[in-house]
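Mind the numbering: the sequence shown is residues 1 to 547 in the working numbering, read in order.
Treat the hints as calculated values from the structure; they're not laboratory data.
Every residue gets a Cβ at the ideal spot worked out from N, C-alpha and C, and that includes glycine.
Hints are supplied without guarantee of correctness; some may be wrong.
What the hints assert, rightly or not - Derived CB-CB ranges, DEER-like:
| # | residue 1 | residue 2 | range |
| --- | --- | --- | --- |
| 1 | L545 | Q135 | 56 to 64 Å |
| 2 | Q135 | G541 | 33 to 41 Å |
| 3 | Q427 | L115 | 48 to 56 Å |
| 4 | V148 | R527 | 55 to 63 Å |
| 5 | I110 | E146 | 40 to 48 Å |
Stated by the list, open to error - Here are the computed lysine-lysine pairs in the DSSO-like style, where the Cα-Cα straight-line distance is at most 27 Å:
| # | residue 1 | residue 2 |
| --- | --- | --- |
| 6 | K89 | K143 |
| 7 | K129 | K475 |
| 8 | K129 | K89 |
| 9 | K129 | K173 |
| 10 | K143 | K158 |
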Amino acid sequence: MFSKRQAILWAITLAIVAVPYVGLMVVGAYTLWRNGWVFIYGIITAAITAAFFVAVRYYRKKSPPGAFKTPLPACPEDWPLREREAWEKVEQLALQAAAGELSVNSVNDIQDVLLQLVHTVAQHFYPDKEQAYLQVPVTDILKIIEKVTRELRETVQKNFPGSHILTINDWMKLRTYWQWWQSLYIIYRIVTAAASPINALWREFQRYVTSQSVQQTMDQMKCEALAFIIRRVGFYLIELYSGRVILDEELFENQRTADIQTQWKAAAEHEIVPSEFIRIVVVGQLKAGKSSLVNALCSDWRAHTDVLPATDQIARYRLIPEDDNSGENDKNRLPGGLILVDTPGYQTAQEIAKFRSLWEELEQADMVLIVCSARVAARKPDQEFIQQFRQFFRERPLLRQPPLIAVCSFIDELRPRQEWNPPYNWQQQKAANNLSPKEQSIRAFVNSVRRDLQLTSNEPAIPVCTHPDRLYNVKEGVLPAIRDRWQEAQGVQRNRLLREHRKREKWGLLGQQATHVLPHVSRVGMRWLTARFVERLVKQGWKLLQR
Numbered sequence: 001m002f003s004k005r006q007a008i009l010w011a012i013t014l015a016i017v018a019v020p021y022v023g024l025m026v027v028g029a030y031t032l033w034r035n036g037w038v039f040i041y042g043i044i045t046a047a048i049t050a051a052f053f054v055a056v057r058y059y060r061k062k063s064p065p066g067a068f069k070t071p072l073p074a075c076p077e078d079w080p081l082r083e084r085e086a087w088e089k090v091e092q093l094a095l096q097a098a099a100g101e102l103s104v105n106s107v108n109d110i111q112d113v114l115l116q117l118v119h120t121v122a123q124h125f126y127p128d129k130e131q132a133y134l135q136v137p138v139t140d141i142l143k144i145i146e147k148v149t150r151e152l153r154e155t156v157q158k159n160f161p162g163s164h165i166l167t168i169n170d171w172m173k174l175r176t177y178w179q180w181w182q183s184l185y186i187i188y189r190i191v192t193a194a195a196s197p198i199n200a201l202w203r204e205f206q207r208y209v210t211s212q213s214v215q216q217t218m219d220q221m222k223c224e225a226l227a228f229i230i231r232r233v234g235f236y237l238i239e240l241y242s243g244r245v246i247l248d249e250e251l252f253e254n255q256r257t258a259d260i261q262t263q264w265k266a267a268a269e270h271e272i273v274p275s276e277f278i279r280i281v282v283v284g285q286l287k288a289g290k291s292s293l294v295n296a297l298c299s300d301w302r303a304h305t306d307v308l309p310a311t312d313q314i315a316r317y318r319l320i321p322e323d324d325n326s327g328e329n330d331k332n333r334l335p336g337g338l339i340l341v342d343t344p345g346y347q348t349a350q351e352i353a354k355f356r357s358l359w360e361e362l363e364q365a366d367m368v369l370i371v372c373s374a375r376v377a378a379r380k381p382d383q384e385f386i387q388q389f390r391q392f393f394r395e396r397p398l399l400r401q402p403p404l405i406a407v408c409s410f411i412d413e414l415r416p417r418q419e420w421n422p423p424y425n426w427q428q429q430k431a432a433n434n435l436s437p438k439e440q441s442i443r444a445f446v447n448s449v450r451r452d453l454q455l456t457s458n459e460p461a462i463p464v465c466t467h468p469d470r471l472y473n474v475k476e477g478v479l480p481a482i483r484d485r486w487q488e489a490q491g492v493q494r495n496r497l498l499r500e501h502r503k504r505e506k507w508g509l510l511g512q513q514a515t516h517v518l519p520h521v522s523r524v525g526m527r528w529l530t531a532r533f534v535e536r537l538v539k540q541g542w543k544l545l546q547r
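Start from the sequences, fold in the hints, and give me the full structure.
In C-alpha cells form, the structure reads like this:
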C-alpha cells in the first residue's frame, strides 16, 4: 500500500509523463474527426479491446487458484502454543521492518537484523541457556540448509527470466553494460542541454519527480522485502529450535500412515482403511446426551460402525465415510473417517481432575465435542472442565489444543415443550420479538452455554435434538462444524505424530549409526590390540635375550 506522500508523488509523476501523450491523443482525435475515420477507428479499437479482455479471462480461468497471488509466510495451523508464541516475536520484528523502523542500508545491517532474529528465537526455546543459539543438532541445521537452498533455487528459477540460461559471467557483463549506459546517458544529457535548453529543463524536471516517486516506492519495497525475509527465516528458525525438523519426509509419511492404520484397527482384511481420519472425544456431564449424540452420528452418517475395545467405561466407535455415490450432500460429507470416543459423564471438578483415562484420551484427541443438556441448569461442572481443559494444554506447550465444539442437546424440551416444528431459524439476525417462542428459547439456551463456557468466536455452540423420532441439526449443524475444522484437527494430529516420530527417529538413528560405526571401530580396535600384543611379545623376547 502506498503512503499519502507516495500517492501524491506518483500522481504528479503520472500527470507530467502523460502530458505529451494526452496532447498526441487530442491531435490524433481531431485528425480522425476531420477525415471522418472516428467510427472505423472506434470499431477496430472495441474489437481489439474485447479480444484482449476475452483472452485475459480465459487465461485467468485456466490458471490454477492463487496463481496471481504471492503467499505470505504465516503461522501453520499445527503449531502448538510454544511455537505460536515464538512466531509472535518474529511477527513483531517483521512489523518493525515493514514500518521502516529498522535501519537497513547495507548487507551488514541485514546480517545484524537476522542475528537478532536468531538470538530472539533461540532464547525463546532455551531461556536458561547462555548460548541458546548453539542448542541445535548438526543434522537439523544441514536439513534446514537443504530446504532453504531448494526454496531459493525454485524462487530464482520461477521469478528471474533467463536465470537457468545466463551464467555468472553473463550477469557480470550485464552489470558492466549498465555502468556504460549510465555514463553514455550523462553525456547525452549534457549535449542535449546545450542544443535545446528548454526541452532539457523539462526532461530534467520529469526525471527528478519520477526518481523521487521511484525512490519512495523502492524504499517501501525494501522494507516489505525485509519483513518477508524475517518471516521466512523466522519460520525455519522456529522449526529448527523447536525440534520440528523432519530429516526424512518419506520415512515420516510412511510411519504416519502406519500409525493411522494401527489406530484405526481394521477388524477385517476386506475392510478399507480410510487414508485420513480424525479422533473426536465426546465429553459432558452425566446424562447430558453424549451417547445419544454418538448414536445419532452413527446412524445418520456411516457405512459401517464398529465398537472398539476400551477400558474405564470408554467406548470407541469407528465411522467409515459414505461413498461418493451415496447421495450425501457435499456440505455434510466429511473428507475421511471418524473415531468417536464416548467418555463417562462427570459431576464435580474433583471427578474431572482424577479421571486419568479421560485426560489420556484428550491428549490423543484431534477434536473435542462437549455436550451440554437443556435438562441440566447447573453449568459449573462444564465450566470446570473447560478451565482444566485449557490449562491442560497450556501446561504442555509441545501439544496443540484440539478444536472445541459445544453441542447443546435436548432442545426439544425447551419451552414451550409441546411445540416441535423444525427447522428453527434461531440464529437469524433479527429482533427477538420476531422469533417464535421456541426459537427464543433456543437462542437464549445457546447464548447461555457460550457465556458460561466462555467459548471463543471459533468455538461454535450448536443446538441439536438426538431423539430418534425427532432427530434435528445433527447432519445439518454438527457435521458441517466438524468439516469446517477438519484441517485444524488434522494439524493437531500431525503435530502429535511428528513428536512421536522424532522420539522414534532419535533412537532409530542411533541404532543405524551404531550399525555403521561399530564394524569400523571393532576393526580399528582389533588392529590396535594386535599391535599392542605384538609389541608386548617383542619386549618380552628382547628381555629374555638380554638375560
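How the hints compare with the structure:
Between L545 and Q135 the CB atoms are about 60 Å apart, so this pair conforms to the stated range of 56 to 64 Å. Against the hinted window of 33 to 41 Å, the Cβ-Cβ separation of Q135 and G541 comes to about 55 Å, which falls outside the hint. Separated by about 52 Å at the C-beta atoms, Q427 and L115 satisfy the suggested range of 48 to 56 Å. Hint check: V148 to R527, Cβ distance near 42 Å, so the stated range 55 to 63 Å is violated.
The supplied range of 40 to 48 Å is broken by I110 and E146, whose beta-carbon atoms lie about 22 Å from each other. A distance of roughly 24 Å separates the Cα atoms of K89 and K143; the hinted pair therefore holds under the 27 Å criterion. A hinted pair counts as satisfied when its Cα atoms are at most 27 Å apart, and K129 with K475 does not qualify at roughly 52 Å. For the hint pairing K129 with K89, the CA-to-CA distance comes to about 19 Å; that is within 27 Å, so the pair holds.
Between K129 and K173 the CA atoms are separated by roughly 49 Å; this puts the pair beyond 27 Å, and the hint is violated. Distance hint between K143 and K158 is fulfilled; the C-alpha atoms sit about 23 Å from each other, no more than 27 Å.
Of the numbered hints stated above, those contradicted by the structure are hints 2, 4, 5, 7, 9, listed in ascending order.
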